[in-house]
Amino acid sequence: MDTPPLIKTTRLSRSFGSLAAVREVDFSVRRGEILGLLGVNGAGKSTTMDMLCGVLAPSAGSITIGGFDLQTQARQAKRLIGYLPERPPVYPELTVREYLQFCAHLRGLAKAPAAAACGRVLTQFGLDEVAGRLIGNLSKGYQQRVGLAQALVHDPSVVVLDEPTVGLDPVQLQGVRDLIVEASKQRAVVLSTHILPEVTAICDRVLILHAGRVAHQSPVSALMNAARSLTLRCAQPPDIEALRAVPGVTGVAPGAEGRAILDYEPHTNPAPAVARLAVERGWDVLELHAGTSLEQIFVELTYSADAADPP
Amino acid sequence: MSTLRVIVRRELLRLFGAPTAWVVLGALQFLSAYLFFIHLEDFLLQQESLRAAGGTVGLSAYIIPRFFMPLSGLLLFIAPLLSMNLIAGERSGGTLRLLLSAPVSAVVIVLGKYLATLCLLTLALILVALMPLILGFWVAIDPGALLLAILGTWLCAALGLALGLFFSALAGHPGIAAVAAFTVLIILWLVGQVEGTELTATTRFISLPHHLQAFYSGLLDTRDLAYFAIAIALCLAAGAKQLAGRRESP
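Protein sequences, first through last, are from chains A and B. The numbering of the first sequence is this note's numbering, which starts it at 1 and goes up by one. The numbering of the second sequence is this note's numbering, which starts it at 312 and goes up by one.
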């Protein structure tokens, strides 16, 4: 089934003076999809997100949200957007309930629907017991949840989350990820992060930004296949050449603490062969596991982008 | 609920929920009471000599310019302090993104914030104006002249607020917005007030006290009304344009 994308950007660019923060970025996100924006600090993630939400005007290019052009039909387009910036946009002097009601009214909800929507997100985000407390007195984790609740209170079709899991403890982290996945079922979600496992955990597609350009864009599953690797750690240093000769292995790289990281072809698994080899040669295996080295892919992609296009 | 009402309500809650509004109301009341009683006493002291000289200066004519002119100066001092936070505060607090990503035009944001703060200044002015109004119980004062003086003072405060709001939309930090607004207001206040110089057409046109003078001498001149109306509209339009157009460092 081919539905029209809810978010579509065309040659999206933004400069600050002579600095080109975002350069000709094209992507689209459909309903039910989570797009992960990855990139090092200063790659242009937040600038892209600000433009997606109409906070910044693009220098060139266009954005359509649910078919509405964000520049010329801003009001209709913005009605569909929920935005959680990097820093939760909360008023410390308001209570959680007052704040969420204000946000609902601001997005055009009338009194009764706004109250109902507030009740819904308060429960959804586990904020019921702090509803009457001042936001300024809440912990960072709770403030982040209030920020998420504000982005979803008007039931938007498009949700843009700038590093939504920063500052959360591991329990809250899992809770917030679950909420994002839950929210994405009926929506198009764009989230930015520099936590790579987060992308593999919850995103459907990944877009790696580097120096304002798209360095890589693919479904997460494709990236995972490309990033498949075996990690081997032995008491005796293994013979790299012998490992390279194992069928299916495409490369061997040294890892931390004497580990060998083996890349291999998709749809093969050289782990049994590697184990046999290690036993035969008497390397004394301490560790052998399959894992993804998304970090490695990430570093490679950003480096190759640097090589191709020096900033 | 219209979004303008939402913004006005939010801003009123912010103003009256914090100590700011109450301190402003209290301080203004105290200072203007001081001003008022000084001039009232002056009038009582000079009444004898004025009468002896055969003059017939009434209480309204004596007290209105002497009380309201410094009062408008005082309001011009307070207005940028009230308006400096309106947009620069949202910017430094990170909440401007919430407003800009909402389906609300920049004009509505600026206007909502302006109207709410103007409500506070209007309330302050009403409380202060009660003092000369109460005099009316004992002596005959000219109600028209008094209302005109209140209108002039109100317009002056409204202009200070609009200018402060413009700089608040421009600046990244509330303090910078306040200092910039003070500077412009002081220039508008002092221009053409240098002793011994003649007012040229330009300085006459931009001088704030020059336009206030008529209000305090019981004259309603549409040129003065236009001066305030145009200046306020310009500041608000420029503020909204600033917010909508640049969107550079939210």
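Hints listed in this document are in silico derivations from the structure and should not be mistaken for laboratory results. Please read these numbers as outputs of a predicted model, since none were measured by experiment. Glycine included, every Cβ here is placed at the ideal spot set by N, Cα and C. It cannot be assumed that every hint is accurate.
Unchecked claim - Some chain A residues judged to face chain B by a derived CB distance under 8 Å, without partners named:
#1 Ile81
#2 Tyr83
#3 Arg87
Here's how the hints hold up against the structure:
no. : hint  : verdict
1   : Ile81 : 6 Å, holds
2   : Tyr83 : 4 Å, holds
3   : Arg87 : 4 Å, holds
In this structure, none of the earlier numbered hints is contradicted; all agree with it.
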